[in-house]
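Heads up: the sequence lines are chains A and B, in that order.
So the first sequence is numbered by this note's numbering: it starts at 1 and just counts up by one.
So the second sequence is numbered by this note's numbering: it starts at 1001 and just counts up by one.
None of these hints come from the bench; they were simulated from the model.
Small disclaimer: the values here were computed from a predicted structure and weren't measured.
Careful: at least some of the hints might be erroneous.
To be verified - Sample of chain A residues at the chain B side, in silico, Cβ under 10 Å:
hint, residue
1, A79
2, T87
3, M89
4, S90
What the hints assert, rightly or not - With a cut-off of at most 27 Å between alpha-carbon atoms, the simulated DSSO-like pairs for lysine-lysine come out as follows:
hint, chain 1, residue 1, chain 2, residue 2
5, A, K40, A, K131
6, A, K70, B, K1034
7, B, K1008, A, K86
8, A, K68, A, K141
9, A, K86, B, K1049
10, A, K121, B, K1095
11, A, K114, A, K46
12, A, K121, B, K1086
13, A, K150, B, K1028
14, B, K1064, A, K46
15, A, K131, A, K150
16, A, K88, A, K70
17, B, K1091, B, K1028
18, A, K121, A, K141
19, B, K1008, B, K1095
20, A, K114, B, K1049
21, B, K1049, A, K88
22, B, K1091, A, K121
23, B, K1028, B, K1008
24, A, K150, B, K1095
25, A, K121, A, K70
We put the CB at the ideal spot given by N, CA and C, even for glycine.
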Amino acid sequence: MNFDVKRRLMLKGSMAAGLATVAAAAGLLSPTVVLAAWPKAAFEAKSINNALSSLLGSSAMTDSGDVKIKAPSIAENGAVVNVVVKTKMSDVESISILVEKNGNPLAFSADLAKSADPFVKTRVKLGQTSKVIGVIKAGGKIYSASRIVKVTVGGCGG
Amino acid sequence: MRVNIVNKNGQANIRVLIKHPMETGMRKDKGTGKVVPAHFIQTLKIEHKGQVVIDAKCGVAVSKDPFFYFKVGGVAAGDAVKITWKDNLGKSESKDETVA
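One chain only, chain B, in its complex shape (with noise of 0.2 Å):
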């Protein structure tokens, strides 16, 4: 996961970039034939020092690879902002970062 805060004069510019194959579970394997089960991000989280400010959810239809893009006001510098995302395997992965 990459994240990328950006500091704008109080308000934090929060990219991330997932890597995940975002299966919807209708794809069929070329090779095999067989469908390829799902597997998908379905819950991401946006924590600004401790507090939830983004509850994020996702269906199969997010691209694979996701991006998202949010903005959090009343940041200041030094702030801890934590991202973290579960997938339907209930895989996860999270994230500290510190506003700049």
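Chain A on its own, in the form it takes in the complex (with noise of 0.2 Å):
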């Protein structure tokens, strides 16, 4: 008897999840664009390498011609650094920058839908004279590009 209700209940459990499953396989439950939260490891890690395998799943970055990264040789101000990225690459999943001395490299990324373009314009701070480096991901592998930036702080401008 005990055992009957038992068998019952996961008859009718085992019925429940499946039919989860078939819901969530046809997209019913999932929604359109699924937002993945702040990474924090990412960003909060000391090191390229760590912060690329955390954000992107790998560190295997290839330099490549066809990332374009356009950042001022000389910046009188490290607060306000204006840095592009931008590739003709097709398949591009996401454009990332990094400042190879800050403490934490990882200042910005952003992942993109087909319709956006691979272009991305912003302003980052660098606590030093650096290299800075454009990121971009495309069909599963990363490419990047890089410029050094000289701060001079002081404002005498070198």
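Please assemble the complex out of the two chains, which come individually in their own frames, going by the hints.
See below:
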């Protein structure tokens, strides 16, 4: 008797679970775009390798001439440095900006939908003269390009 | 938050300027000598007709009063664009715009 009740409950349970699986598979339960939460570990990583493997799942960057990065060669104010990262590659999944010498190198990252142009412009802070790295993830691979930005604190402009 | 959208032959050039301190949590107040707690934008999302097209994340190294420039294709006049940011203290702001 007791066994029979349990068996019935189990049957009911597995049926409900089965239905949920079907609904999820059909995309009924999942939202249109799954928004990732803020990737704390990646932004708090102290090295470029750790930041990238946490953010993109790998730190194997390939230097690529197809990644274009624009940044001033001399910045009089390290607190506001304009950076543009763009590419003509297709299947671009994300664009990220890293500052090598900052305590936490990862500054910014954007996941792009298919309709978004692989282009981003923003302003970042540099604690000192540093390499600024533009990272593009396209077709599951990671490509990068970098520029050195010289920060001249003191306002004399070097 | 100030948003400027230019429709260039079906490509929306979206510029966003947000008033925000972007405190790193490492800076000391010159008067009191105490560390100013971190206060920075963590996520910025741009939706085109209800679909997320840009899902951006920021760290403390994004400059104070952040500026962002993105380009989104496949737009037409009258399309709805929504921009939303959220910071580490849970504050957020969103703005609805229409492509001209």
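Hint consistency between K70 (chain A) and K1034 (chain B) [alpha-carbon to alpha-carbon, up to 27 Å]
Between K70 (chain A) and K1034 (chain B) the Cα gap is close to 36 Å, so the pair fails against 27 Å, i.e. violated.
Quick one, are K86 (chain A) and K1049 (chain B) close enough, alpha carbons at most 27 Å?
24 Å, holds
Answer holds if the nearest beta-carbon of chain B is closer than 10 Å to that of S90 (chain A); otherwise answer violated.
With a closest approach of 13 Å, the S90 (chain A) hint is violated.
Satisfaction of hint between K70 (chain A) and K121 (chain A), Cα-Cα up to 27 Å:
Distance ~9 Å between K121 (chain A) and K70 (chain A) Cα, so the pair holds.
Has the given pair, K68 (chain A) with K141 (chain A), been kept, meaning a C-alpha gap of at most 27 Å?
Status holds; Cα separation ~16 Å.
For the pair we were handed, K40 (chain A) and K131 (chain A), check the Cα-Cα distance against 27 Å.
23 Å, holds
Pair hint K114 (chain A) and K1049 (chain B), alpha-carbon separation not exceeding 27 Å:
Distance of about 14 Å is within 27 Å: holds.
Does K1086 (chain B) sit within 27 Å of K121 (chain A), going by the straight-line distance between their CA atoms?
Given pair K121 (chain A), K1086 (chain B) holds - Cα atoms ~19 Å apart, limit 27 Å.
Does the structure keep K114 (chain A) and K46 (chain A) at a Cα separation of 27 Å or less?
31 Å, violated
Taken at face value, is the distance from the CA of K1008 (chain B) to the CA of K1028 (chain B) at most 27 Å?
44 Å, violated
Does K86 (chain A) lie within 27 Å of K1008 (chain B) when you go C-alpha to C-alpha?
Since the Cα atoms of K1008 (chain B) and K86 (chain A) sit roughly 18 Å apart, the hinted pair holds (cutoff 27 Å).
Hey, K121 (chain A) versus K1095 (chain B), does the alpha-carbon distance stay inside 27 Å?
20 Å, holds
This entry does not satisfy hints 2, 3, 4, 6, 11, 23, 24, going by the numbered hints stated previously.
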